[in-house]
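Asks: Can you build the whole structure from these sequences, using the hints too?
Chains as they are written, first to last, in this note's numbering: chain A, 1 to 204; chain B, 1001 to 1204.
It is possible that some hints are incorrect.
List time: in silico SDA-like cross-link candidates among lysine to any residue, alpha-carbon distance up to 25 Å [stated by the list, open to error]: (1) A/Lys187 x B/Gly1105; (2) A/Lys187 x A/Asp161; (3) A/Lys82 x A/Glu63; (4) A/Lys187 x B/Asp1188; (5) B/Lys1179 x A/Arg46; (6) B/Lys1082 x B/Val1163; (7) B/Lys1082 x A/Asp190; (8) A/Lys47 x A/Thr28; (9) B/Lys1179 x A/Glu63; (10) B/Lys1082 x B/Asp1130; (11) B/Lys1187 x A/Thr29; (12) A/Lys118 x A/Glu140; (13) B/Lys1076 x B/Asp1130; (14) A/Lys187 x A/Gln168; (15) A/Lys82 x B/Val1202; (16) A/Lys187 x B/Gly1100; (17) A/Lys82 x B/Gln1156; (18) A/Lys76 x A/Glu19; (19) A/Lys179 x B/Glu1019; (20) B/Lys1179 x A/Leu38; (21) A/Lys179 x B/Tyr1201; (22) B/Lys1118 x A/Gly100; (23) B/Lys1047 x B/Ser1009; (24) A/Lys114 x A/Val176; (25) A/Lys76 x B/Val1177; (26) A/Lys76 x B/Ser1194; (27) B/Lys1187 x A/Asn103; (28) A/Lys187 x B/Ser1009; (29) B/Lys1187 x A/Ile7; (30) A/Lys47 x B/Asp1188; (31) B/Lys1187 x B/Gln1156; (32) A/Lys187 x B/Thr1029; (33) B/Lys1179 x A/Glu102; (34) B/Lys1132 x B/Val1186.
Derived coverage of chain A by chain B (criterion: at least 3 residues anywhere in the stretch with Cβ under 8 Å from a Cβ of chain B; other residues may be distant) [stated by the list, open to error]: (35) 170 to 179; (36) 189 to 198.
Simulated from the structure, these hints should not be mistaken for laboratory data. None of the values given here were measured: they were computed from a predicted structure. Virtual Cβ for every residue (Gly too), placed ideally from N, Cα, C.
2 protein chains.
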Amino acid sequence: MDIPDIIISRLPRYLHILEYLSRQGIQTTSSQEMGVLLGLSSAQIRKDLSQFGEFGKQGTGYEIPFLIQQLRNILKVNQTWKIALVGAGDLGHAIARYQGFENRGFYIAAVFDKDPEKIGRSIGTLRIEDIKTLAPRIREEGIRIAMLTVPAAEAQAVTNDLVVAGIQAILNYAPVVLKVPTGVLVKDIDPINSLQHMTYYVGK
Amino acid sequence: MDIPDIIISRLPRYLHILEYLSRQGIQTTSSQEMGVLLGLSSAQIRKDLSQFGEFGKQGTGYEIPFLIQQLRNILKVNQTWKIALVGAGDLGHAIARYQGFENRGFYIAAVFDKDPEKIGRSIGTLRIEDIKTLAPRIREEGIRIAMLTVPAAEAQAVTNDLVVAGIQAILNYAPVVLKVPTGVLVKDIDPINSLQHMTYYVGK
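Replies: Have a look at this one:
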């Protein structure tokens, strides 16, 4: 079953909104309600979800706890993934302290930096580790996912090390285009992309 | 001319990659080269750009400086937009110090926080202002865009104030679904969405 990536890219948003409704004690929803909350058409949502099975019933809509479980299975976040965070600057600190990971399938298992002033210091319960130990520590912990918050000039070199260490997915905050071999995934978090998308619609 | 939003959403990525190639001194590119760098098909890129005019030539491809200028015009980042940053925690500090805004159409014009310990302190050349002055300062500066890095529990109340003050676009880092009136845009920066998108493909 080869589902188009554009559909996969929307599933986390569906899961997020369902978890939000669930936290408010709501048990069922509809593609209409989800559409309003997400700014998507209900037809789009129904079509996307129908790729994976019959999750809703005509007239009664979707049972939220069931659909959450299905989406977690599909996205493989019915387990908890370890993350290696590389770069313990302001942004690295913000991510290490971010409460939003909880219950969404991830936790920061290790933080690395090259600055001797930072190595050994704590961020919450994490201790900042020497970037020289990156590869052995990632292998030891069996980590597959990394978040990259190093300066732009260092990002490619760190990425090369991450790939050699067995990292398969990188969430990149550095404003550079990373080169990785086939089979390694990179997604960029670029606030400017989102801002530029909005300015298209904003009046002066 | 009503272009589908999914196409608009890809234009900032095209612009970003063109600026990246331009910084390397490259003058022309092709939809094939852009596709490889972006992980999109060349047909998709050609089709998207053709919505706005004839930017490329068969055989010679796209002239980068010209296409950059066209995309900046379309996305309205041929001007520099002021941004109000609300929340001067770790993430707010990281954003205020972020070098990536430069030359991409934005700068942080004001930073706000409610913490008396933070108000009056500096982040680079910016002074953290009292959130109580949010509305008058936004009006005074003519700011249309805000970035929101306050805790989740405070995000909706701050959003309401931003809307009243005339903000038309909000880039939201808080892990909540913001309610805004029609005509106000919100985009969420949610690292978990991006991580969950990748775990679909990652092997254990």
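Asks: Does the alpha-carbon distance linking A/Lys82 and A/Glu63 stay inside the 25 Å limit?
Replies: violated (30 Å)
Asks: If you draw a straight line from the CA of A/Lys47 to the CA of B/Asp1188, is it 25 Å or shorter?
Replies: Given that 25 Å is the threshold and the Cα spacing comes to 23 Å, the pair holds.
Asks: Under the criterion that the straight-line Cα-Cα distance not exceed 25 Å, is the pair A/Lys47, A/Thr28 satisfied?
Replies: holds (18 Å)
Asks: Next pair to validate is A/Lys82 with B/Val1202; report whether the Cα-Cα distance is within 25 Å.
Replies: holds (13 Å)
Asks: Tell me if the straight-line CA distance from B/Lys1187 to A/Asn103 falls inside 25 Å.
Replies: holds (22 Å)
Asks: Hint check: B/Lys1082 vs A/Asp190, CA-CA at most 25 Å. Holds or violated?
Replies: Distance ~18 Å between B/Lys1082 and A/Asp190 Cα, so the pair holds.
Asks: Assess, step by step, whether the Cα of B/Lys1076 is no farther than 25 Å from the Cα of B/Asp1130, and give holds or violated.
Replies: At roughly 30 Å apart (the allowed maximum being 25 Å), B/Asp1130 and B/Lys1076 break the hint.
Asks: How does the segment 189 to 198 of chain A fare against chain B when you require at least three residues with a CB closer than 8 Å, holds or violated?
Replies: The restraint on the segment 189 to 198 of chain A holds, since 10 of its residues have a Cβ under 8 Å from chain B and three suffice.
Asks: Below or equal to 25 Å on CA atoms is what counts here, so check A/Lys187 against B/Gly1100.
Replies: The hint holds at about 17 Å.
Asks: Straight-line Cα separation of B/Lys1132 and B/Val1186 no greater than 25 Å?
Replies: With Cα atoms ~22 Å apart, B/Lys1132 and B/Val1186 stay inside 25 Å; holds.
Asks: Taken at face value, is the distance from the CA of A/Ile7 to the CA of B/Lys1187 at most 25 Å?
Replies: holds (19 Å)
Asks: Would you mind confirming whether the straight-line C-alpha gap from A/Lys82 to B/Gln1156 stays at or under 25 Å?
Replies: violated (31 Å)
The structure fails to meet hints 3, 13 and 17 from the earlier list, while all remaining hints are met.
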